[in-house]
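Chemist: These are the residues of each chain, in order.
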Amino acid sequence: MANFLAQFQTIKNSCDHLVIAVEDVSDLWPIVKDGFEERLPFKRASLNNKTRNPVFVEKLAAEFILTTDSRLRSRFPQEQLLFWFREPYATVVLVTCEDLDEFRTILKPRLKLIVQNDEREWFIVFVSKAHPNNENATKSAKKVYARLEVEFSSKKRERCCKLDIHCPEASFWEDLESKIMESIRNTLDRRVQFYEDEIRKLSEQRFMPVWNFCNFFILKESLAFMFEMAHLFEDALREYDELELCYMETVNMIGKQRDFGGVDRGDDQAVLLNPGNKPLTQIVQDDSFREFEFRQYLFACQSKLLFKLNRAFEVASRGYSFIISFSKALALHENILPFCMREVWVITACLDVVNATASHYIDGLVAPDIEKEFYRLQGDLYSLCRIKFMRLSYLIGYGTEIERSPVNSASLSMLPWPKPAIWPSVPPDALSEVFTKEKMILQETRRVKHFGIQRKPLPLEPSVLLREANRRRASLSAGNMFEMFEGRPVFNEGSGSEASTKMSPSQKVRSSAMSRTNSSPGNFESSIDRPMRLAEIYIAAEHALQHTISNPSLRKSLSSLEEFEQKYLELTKGAADNYHRSWWKRHGVVLDGEIAAVCFKHRNIDLAAKSYEKVCALYAGEGWQDLLAEVLPNLAECQKILNDEAGYLSSCVRLLSLDKGLFSSKERQAFQLEVVNLAHSEMKNPVPLDVSSLITFSGNPGPPLELCDGDPGTLSVTVWSGFPDDITLDSLSLTLMATSNGDEGVKALRSTSATVLEPGRNNITLDLPPQKPGSYVLGVLTGQIGHLRFRSHSFSKGAPVDSDDFMIYEKPTRPILKVFKPRALVDLASAISSALLINEPQWVGIIVRPMDYSLKDAVLQIDTGPGLAIEKSHVIEMESYADVSQSAADVGKSDAAHKNGSLAIDKHFEQLRLHDGRIVFPGWANNVTSVLWIPIRAISDRLARGSSSVSPQRQSIVDGMRTIALKLEFGVSHNQIFERTLAVHFTDPFHVNTRIADKCNDGTLLLQVILQSEVKATLTIYDAWLDLQDGFAHTRKGDGRPNPGFIPLVISPNSRAGILFSICFDMSNAEEEAKAPQPDSILNIRYGISGDRTIGAHPPALESPGPEVVRQDLIFRSALVLKRPVLDPCLAVGFLPLPSGGLRVGQLVNMKWRVERLKDLEENEVLKDDDEVLYEVNANSDNWMIAGRKRGHASLSMKQGSRIVITILCVPLVAGYVRPPQLGLPDVDEANISCNPAGPHLVCVLPPALSSSFCIPA
Amino acid sequence: MIVCVAVVGHQNNPLYIQSFTEADDALKLHHMVHCSLDVVDERVNNPKKSGPTLNETFLGLLYPTENYKVYGYLTNTKVKFIVVTTDLDVRDADVRNFFRRFHAAYVDAVSNPFHVPGKKITSRAFAERVSTIVKSFGLSSAG
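Chains as they are written, first to last, in the UniProt record's numbering: chain A, 1 to 1258; chain B, 1 to 143.
I should point out that these hints are in silico values taken from the structure, not numbers from a laboratory.
Quick caveat: nothing in here was measured; it's all calculated off a predicted structure.
Calculated pairs, DSS-like style, for lysine-lysine (alpha carbon to alpha carbon, straight line, at most 30 Å):
1. K135(B) - K456(A)
2. K120(B) - K585(A)
3. K119(B) - K585(A)
4. K108(A) - K143(A)
5. K328(A) - K69(B)
6. K43(A) - K162(A)
7. K119(B) - K660(A)
8. K142(A) - K129(A)
9. K78(B) - K660(A)
10. K69(B) - K614(A)
11. K120(B) - K456(A)
12. K585(A) - K69(B)
13. K69(B) - K567(A)
14. K660(A) - K120(B)
15. K142(A) - K33(A)
16. K419(A) - K69(B)
17. K119(B) - K614(A)
18. K614(A) - K666(A)
19. K328(A) - K419(A)
20. K119(B) - K666(A)
21. K120(B) - K614(A)
22. K372(A) - K69(B)
23. K614(A) - K78(B)
24. K69(B) - K456(A)
25. K69(B) - K573(A)
26. K78(B) - K585(A)
Next comes chain B alone, as it looks inside the complex (with noise of 0.2 Å):
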């Protein structure tokens, strides 16, 4: 189950970050999407390490911890895109799938022309996208 997705800018600020869990504990995605950051840091600033998946916007898993997943994306214009989720074992296939229908959501969202760049994303439709592409990641990789 996707907990968290977040659109962080490209300044790391938070520009969309919606947890999906039923507990008021959205703090602890924050931190969790906050130091994920982290990774994408260092992914980014050491091309070396990255090496042939320079030009790949999907980070792969950031985090390998024992609870829970944290998978990253990263935009051309560096706009990051994090999800947490709870299942331990996610196709990659399926993630990649997921940010791309993800990105496609932003890309809509942020060619509002009433969209302030940089700004954090206030698009209800876009919210709602989001946690359609939630529930259907869900489902796709349960199938």
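Just chain A, same shape as in the assembly (with noise of 0.2 Å):
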């Protein structure tokens, strides 16, 4: 059967649809030809797939072919078997009749031959040519038409259908088309029917001796190509997939060794997309194919209808995987294929997969995760071609061109040599093109990296290629090629010493037998099997690859450098765009930096700063150090170029953050060289540059700075620079954030002086000016390196900066500072609140308490009110104070024992002086309650007033109150004050309360003297006695003093004393008087005081108090008041009783008055010396009137006890209640006139007596 492959082929290339055979019984071919033909391709076609499941096509092919035709004719029973999908799937049988009986006679047995054929699909098309017009014809017409009908259509299935040549009638086509479609959906099911069992028992062969699988081959793809003229490709690609498994085991199977082919010219070439590009008889061995070909033409088919199913995307997907597969299977057969003949047919397939699937693939028609992995694997085909060619090119020479970067080593290093039998020698004709190259790897220079950055480049080969080579030379010593090594430095050294600390046993043997005899390169083909050095290597490599090249865009593109770079970026750029569409965004990243390092290298500066920073933001952000130390100088050197300065600052910055293991110190020196260089340069466009990643700051471990409000402050921070030497900073300055609310203005606290960072960790102080009551939090720092202003936000957690914390900003959450709210920092009281002495130099005492704020150099500023004066010879006396709320709190504290030895010790004890109306606090008292003694004088003129029963007045207490106003500045800066008044109260000694006690027959009065004590202290009385006013003396002429026997007289404070005096009226004459007017009376008490400053009044502060100085007598005066009795009758007036019959009006009444002399008035102040008195009788006159005189004087004695008797006649005028007349004395003072008995106030008047002697005649 294998004989008929070519035959196969032939027929599969000159048929691509399906046949239809038309058997035209009556000649009607030509009249209806192009109405059939006309309905190609049928637009919508349902037919069953593999698995008898109905598949609409659409656009199916098709033929119409006579039955006539010699296509059709002459073909052999057995091939028609063979090559079935070539036949008719359906056969229309047109036929014409008008006469019953000659389609009975003669056209029926005809038919009946035709269809005795069951293999064949047929039904009968009745061409009616009657004219409508024309009756019987038509008529006719349609009784053999069904007479047709009857003969051949059964009930199952409807075999004839008529078509009106005048007038076809609309359904016929419809008609037609189904009745065709039926017929090829059987023939199609009988045929992959027919197909199945054939291959199935082909199948069963297949582990014997006879199998054959061209055999297979045949069957299995003609029924795939049946499929596929059927437009069922899905069916058709599942009969590739399977043939392709079938021939994988078939390859794979033990024991048979096969030609694997390949080594035809041309077949570098992968030819992955067209089928038909080598025949298959051609590849024919023995009973199966050649590997190399066949699988190629299988993936051909696939992916000739996959594109027909619009899946590109499977293409690529397939194609990448099977170009690995293939690459492995070219890799085990490489000593038999041409020179790199692996290399070079994967970079044509990549790029036949790539080119092939883009021009197919539409957008948006799939998913889109589907879409991203398509340009994943566009990406990965581009990718993989990439590497595939620069290991050609470095093969050739150009490795120097290839940067040794880690993408280019990750792919490069790992990928083995090319293996062939024998590696390739220098053509003898290449003599001059060796010399060239020779000088071309002399002449080469590494490229110093910016910042002179020294590393160890990163290999490109998995071995020394010069080893390799010339190992795979036939007969070469390990001596001779180590000659080689020696003769010229190995360009890479990583594995060259890798090689040589191989090889160093056999060195070392070999090592006196080396000779240098062919160093020089002009005898060098008089040798050949001497050691190939790199030059001729890279020429013989390149005439071999010349040799194995066929496609010219590859050869052109390895022919010279420019080429070759070309090449490189169109295939970098279509791996990096490729992926950038894809999910592999970090591919793509990284192949940019590729194509940067090309456009860097043709000067194209611009863009290559773009990709590298591209490629840089991606590893920084990820913090993938150690590649970013490798691509960051170069973007610094970019930035560097074009002036950037901005950046080319921020990469330096970059750079000297990034891990200290990277970079040697020398390095990183250099990289703040840079810095500071540029910095104090001329910068035309100076710029902040963040340095968040090197300079770190934090506040000091340990609680918060607390400052109360107002206060200003220094802070000490901590700063680490990561600067590799000390820096200069000419400014820093470093900002405060309220915690509580981010409105609040941040506030920059400055060093306006230059700090010098040491690398490391550096402590810096800054003033803090006062700040806003809050918490605070460092916020950023700034400051200034020359011209260049810097700033960090990065706060470091006493630690260096971590190069690990790139993505953590953490936001220093614990306050630095601690303002607090406006409080209470101190505390004015005076110590007592009783009453002082008045008019004494008295201690006044200040309770001076600090509230946890520190009191130095705090300075009090007095200054005493209205009728206080300091005591100025005095210094002023400050001692600690023990509050007793306070030690009572303290008790809790600390233990008792403790306690009183501490307080012994705290006692301090200092004198101050005035200076100003200040006082400066000593030390001791920065944070202990202490009181301050102030010695003051308070001053009141007045003199003290005792009261009486008779006039009970009373001091009032505002009378002794004074104040004094503070002021105490305190604070770092004296910024905190303190003003407060206090006010004192001051008192005399004693509130003197006086009464007459008794009133003596001998007019001796015994005047009580009621001392109360107003003072909180015990007053001890020696000495009292009275100044007495005019008109009153002592009796017995004495001095007035009590009597001694009870002097001295203790009073306790608030208690009572009292004192007798006692006194009588002064009957002296009015001479001694005149001398000395006294109006009131003085009280005067010698008294001594005992009193303690801290509870109260207290003796005298002249000196310091103490027992063993001597007593002070102090005195105390008193007015007092004495009056003489006010009362003091001397005449007597009565009201004599009026008549008992009452009072009539017109009545006439005496009303009678006595006057009575109570003394005599010899001694009185009434100094007339007649013996008459005034009299005066006030009535009202409207109702009395009155007879005789109402004013007269009348005679009386001046005896006591004389009386006279005034009568006035009267009147009532009125009746009533009416005020009766008066009696008065107006030559005698109304207190010398005693009313007795009283006259009445009121009188009743009766209305007159009915009298007729009143009565007028009429």
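Each of the two chains sits in its own frame; use the hints to bring them together as a complex.
Modeler: Have a look at this one:
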């Protein structure tokens, strides 16, 4: 059957559509042909796939072929069976007949003969030529057709249809199509069944010796081809897949050595998409095919179908894995293949697949994730192609042009060298090329990286090419090879050293035998076995490749450095662009870096910088510092060339902030030098530089600095410098941010003086001006290096900047500074609340209580109010103060035993001087409560006034009030001010109350003086005397002192004492009085006071108080008012009772008053020497008519007890209660008149009695 | 032979990367590990693709390249383990086993109270343990 392969191919190539046979019985085809062929291709057809499920296919191509056609006639039955797929799928029988008899006799037998072959799917088209106007003809045609239907159609299947030539029915064509389709479907089903049966039969023999893959292939592909013709691409694809599987099994069958293929001219070019590249007959080998061609053929068939199914993605996906697996297969046979055939094949295959899939790919047709996957595959293909291309370039000596980047190293250093059976040798005519190459190698200079960074270049080769190439040459000794190494520095140090260590034992052995015979390039052709030099290897490889490569464009790409670079760029760009459109962004960005390297080489710096930036951002974003350290210097160099100062600076800073192990200290110093130099140069656009990664700062550990409102302070901050050397910061400032409210302006603390930061930890102190209350965290560190402003946001937690912290933008949460809300920092209060002695120097105590706040250098300004003066002559005393309440609280804190001792130790005492009304606090008073004793004197020029029962006046408290205005300035810079005005109460020691205790008959008055102690101190009275006012005198002409036996008299605080004085009215003459008029009596008390200033009043603060000091007696003077008795009547006026009959209007009545002299008037102040009294009667003239003298003198004896009666005749004028007339004595003071018995206020006056005498005659 | 193992944090930052090659070419391994994160990302972000292996920590072969293989493993805390091996025929079971042991070592290392989560693993004990595991990987796959 394998013999039919060629024929099969021809058939396959010649027919690519279904065939429909036309049995033209009545020569009708020329008439209907156009109508029939118009229906092609069938727009929509329903067919069954291999699993007998209906599938709709579109645009099904087909061809009508007459049975008489040569194509259908000249076939052998065997062929027909084998290539059944090309046989007609339906047979259309065209008939016409107008006569029933004719039908019966001629047509029917003929048709029966035609349709008897069951193999064929047939149906009859009856063509009616009858003109519609010709009724007979129409009728007979109908009859014949009816007859036809009866004969050939069955219930199961309609096999007839009728075409009216003159007026074809609309439904005819649909009918025809459905009939054709039905036939095709049936035929297809039957043939599929047939092929499947055949394939199964064949498959059963697979492990038998008779098995022939070619036969199986023909059957399988026939089936696949049939499906393809019927547009059942899915089924066709499945057949090819199965075929591939089966083939791989055959290939891998052990024990059969087969020719691989691939040695023909042009085989280096992959033919993944062109199944017809090589006729299959050429690749037949025994019972199978050559692997090299056949696998490509199968893939080509599959991809063709996939493209028809619009599945470009799948082509790419299958293509990639196919290339990988095929490349492995090539590797297995590399020794028989031309030099680098594998690499060349992969390159061409990748490019083919990439181009074909890209051109077939329609955007937006597939799901987004498939689309991404598609681009990823494109990228992969490009990338694979790129790697192989780089490998080829390296072999011909372009290795120096390939960037030794991680990506290139990763792909190339793990990719083994080609393994030809024998490494190609230099053609004899290539001598000059070798020289040129040699020269090129010698001239090549390694590009020195910016900043003088020296890195061991990454390997691009799996092992040293020199060794590998020479090893693969037949008779070569390792010793000679080592001479090569010694003679010429090996380009790759890394792999070279590896190689030399491996080979070192042999080297030692042979080192003595080494000769340098072949160091001159001139004589290399003399010895074939001489090891090749690098230049020779390059040239040899180049020639071998020229031989291998048949693709002109690839050959061109490797022909010169420029072409190579162009191709390299194209491939890299292709890979990068596609990766960017896929999920694999990292791959894309990394390849961008490779493009950047090329751009950089061509001085396209702008583009290079942009790409490098992307790469750096990628690595920096995810913290891959090692990789970043490789790229960042390149970016920096670009930025420097572009004069991008900001970028360059930030790159330098980033370089500095990378892990310290990544660069040597020398390199790091170079980075710093760049920054500093640039900072001090004239920068055109000074931009702030972010050094967050390099300089970090933190507050000192421990609790935050606590300040009271308004206090300045000093903030100590730790700054970590990542610079390798000391760096001078021309200025430095640090912002503080309030944690509570963000809108509160950020405060900057400045340190204008230059600061030198050492590498590592630095402590910096900053002056802190007064801040608003709240807590603050560190904000931003800014500063200036030269003209360069920099800022750092980075907060370190008390450790050097962690290279891992690239993503942690931790805000400093711990407050560095707490400024408290305004609160009382100190309290000034008076030490005592009780009164002090007025007019005496007294200590006023002021308790100064600092409240958790130091009173260092505090200054107190004392301003006394009116009536109060500081005793300037005295020092001010200050002592520590043990507050009772405070020490009670302290008990809880410290044990009692310790307390006493500590209190004793803590006792401080100091004397201070007042300067300009200010005193400065001593140091010990900074934090302890102290009391300040200020000597003062309240001045009052008023004399104390006693009160008596007669005039009970009490002194107002306000009189003794004095104020002291205190102003305490304290705080670090006396910024805190506390002002308070204290009221101090002063008083006299006693309140004096007097009363006349008794009045003796002899005129002696006992004056009781009650002394009320007003102070909280014990008063001792040593002496008391009374200076009496005029009119009074001491009895017995004494000095007015009380009985000395009672003296001294001690009066406890708030108690009372009394002293009795006996006095009498002074009868002394008036001359004496004129000499010393004394309005008030004065009580003088000489007393002593024994009190404590901590309690209240105390002895005057003359000297320091102490018991040993001589007693100082004080004098208290108080004015007393003595009054003579007020009521001293000398005349008594009595109203004598009225007659009992009552008063009547008009009736005369005698009003009588008795005036009696009560005492002698001799010594009286009434100095009238006559013995008459003036009287006057007052009466309301409306009410009373008075007869007689209303006013006049009446004689009254001067003697006591003399009396007279004054009688006045009165007539009441009105009735009612009226006021009676009154008798007054105008000459006598009213006080001296006693009304006894007192006259009535009102008297009742009756109306006049009815009397005729008053009647007036009519 | 395993040429490189790496622990990559959940923000794709390297936490531990150790190469086991003699040549001074760690950078290329860094690159491989870094680029393989693309594949890890893709698998993690496309649950459709990972499908039934959604709860599987072992991500399998990330990179079918010609010359080396990259395997991935994703812990529950989204920490990735990446292994680069030059063995071209490695059994999945071996790699799984390797990762399981590696994971245990990692858990022990980060359980150290002095280790700051999310920071590079600097523990020497961990490094030694890893190198033991790496060495034994070669043996077990050979045997």
